[in-house]
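S.K.: Residue numbers are given in this note's numbering: position 162 of the sequence shown equals residue 162, and the series is strictly consecutive.
Since the hints were made in silico from the structure, they are not lab data.
None of these values were measured; they are calculated from a predicted model.
There are no misleading hints in this set.
Within a straight-line C-alpha distance of at most 30 angstroms, the following computed DSS-like cross-link-like pairs (lysine-lysine) qualify: (1) 109 / 63; (2) 33 / 109; (3) 33 / 63.
For each label pair, taking beta carbons as the anchor points, the in silico distance ranges come out as: (4) 138 / 185: 13 to 23 angstroms; (5) 259 / 184: 39 to 49 angstroms; (6) 168 / 131: 35 to 45 angstroms; (7) 239 / 281: 24 to 34 angstroms; (8) 289 / 242: 13 to 23 angstroms; (9) 289 / 126: 45 to 55 angstroms; (10) 15 / 277: 26 to 36 angstroms; (11) 184 / 110: 16 to 26 angstroms; (12) 108 / 259: 26 to 36 angstroms; (13) 135 / 242: 34 to 44 angstroms.
Glycine is no exception: its CB is placed at the ideal position from the N, C-alpha and C atoms.
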Amino acid sequence: MTALIIHGGAGARRERNYDAEIVHMRQVVEAMKVRLDEGDSALDVAVAAVVMLEDSGLYVAGKGASPNLAGAYELDASIMDGSTRRAGSVAALQGFRNPVAAARAVMEKTPHVMLVGEGAALFAHDQALDMIGDETAWFTGAGKGEDNHPPGTLSHGTVGACVLDAHGRLAAATSTAGVFGKMPGRVGDTPIPAAGTWADAGAAASCTGQGEYFIRVAAAAQVAWRVAAGQSLADATQAVIDEIGVMGGDGGLIALDAQGNIAAPFNSQGMKHAWLTPDGDIGVEVFRS
1 MTALIIHGGA
11 GARRERNYDA
21 EIVHMRQVVE
31 AMKVRLDEGD
41 SALDVAVAAV
51 VMLEDSGLYV
61 AGKGASPNLA
71 GAYELDASIM
81 DGSTRRAGSV
91 AALQGFRNPV
101 AAARAVMEKT
111 PHVMLVGEGA
121 ALFAHDQALD
131 MIGDETAWFT
141 GAGKGEDNHP
151 PGTLSHGTVG
161 ACVLDAHGRL
171 AAATSTAGVF
181 GKMPGRVGDT
191 PIPAAGTWAD
201 AGAAASCTGQ
211 GEYFIRVAAA
221 AQVAWRVAAG
231 QSLADATQAV
241 IDEIGVMGGD
251 GGLIALDAQG
261 NIAAPFNSQG
271 MKHAWLTPDG
281 DIGVEVFRS
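Kindly generate the complete structure, drawing on both the sequences and the hints.
M.R.: Next comes the structure, spelled out in structure tokens:
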């Protein structure tokens with residue numbers, strides 16, 4: 001049994017057309033289904049899915065990033081392997097094409113969980129990860145014109161994936177360029193295991209939204225802990241989003257449990273997401289039907 005769910009951010013606005021994102025997310029799921037059918041691990045597939053999302057330039061992550069208030073592109077990402085609880089992340093990374101690849105390298109090549117800023121960039125260079133040449137030519141600014149909150153408040157955009165492989169292993173990965181117009185050095189939930197990304201033996205989650213709120217409720221880990229305590233995945237994920245909403249935050253999350261159940265609650269206008277069920281069915285949605 002295999003399953004997966006991906007997201008392209010909970011910043012969708014009803015006045016915008018998302019046909020390109022819908023087509024692309026389906027392509028990502030179809031490509032990852034092939035890999036799962038071939039026996040690839042949940043971790044490999046989660047990273048590969050996020051790389052495709054980062055490289056598309058359609059979402060506020062990777063190539064789709066916009067600069068912070070100082071004009072710099074600072075990107076964050078994290079991954080977690082549910083079968084081992086290993087995790088890796090980078091924050092405020094500049095100059096590299098795929099932050100999620102850097103996060104995996106941190107997990108596999110260092111004794112640490114997180115590297116930030118210049119240290120993350122030096123490490124990524126030492127690992128010979130793909131660098132960006134001309135930033136102006138590379139970045140697409142996918143979030144331009146999609147300011148999903150008033151000026152001075154917390155806008156958002158993120159991508160992520162949760163995967164269950166044929167061996168019952170779960171993994172999650174998340175990547176972002178952060179909120180629009182963010183202060184230099186700002187770090188949200190995305191690179192923080194437990195807040196923006198989580199995977200253990202029972203559930204995996206990837207979050208998208210106003211990260212400050214997701215940090216304050218340990219959103220991704222709380223989903224898994226609720227599932228471990230006996231809640232259904234649907235109830236666990238909705239409870240977390242409700243808690244964030246009560247605090248005044250918005251966004252959404254995707255989650256997957258060891259039985260192949262998927263959930264994608266959000267309290268924003270829309271959330272770009274797509275999924276593969278254990279039965280092999282593929283679905284894509286931005287706004288609730």
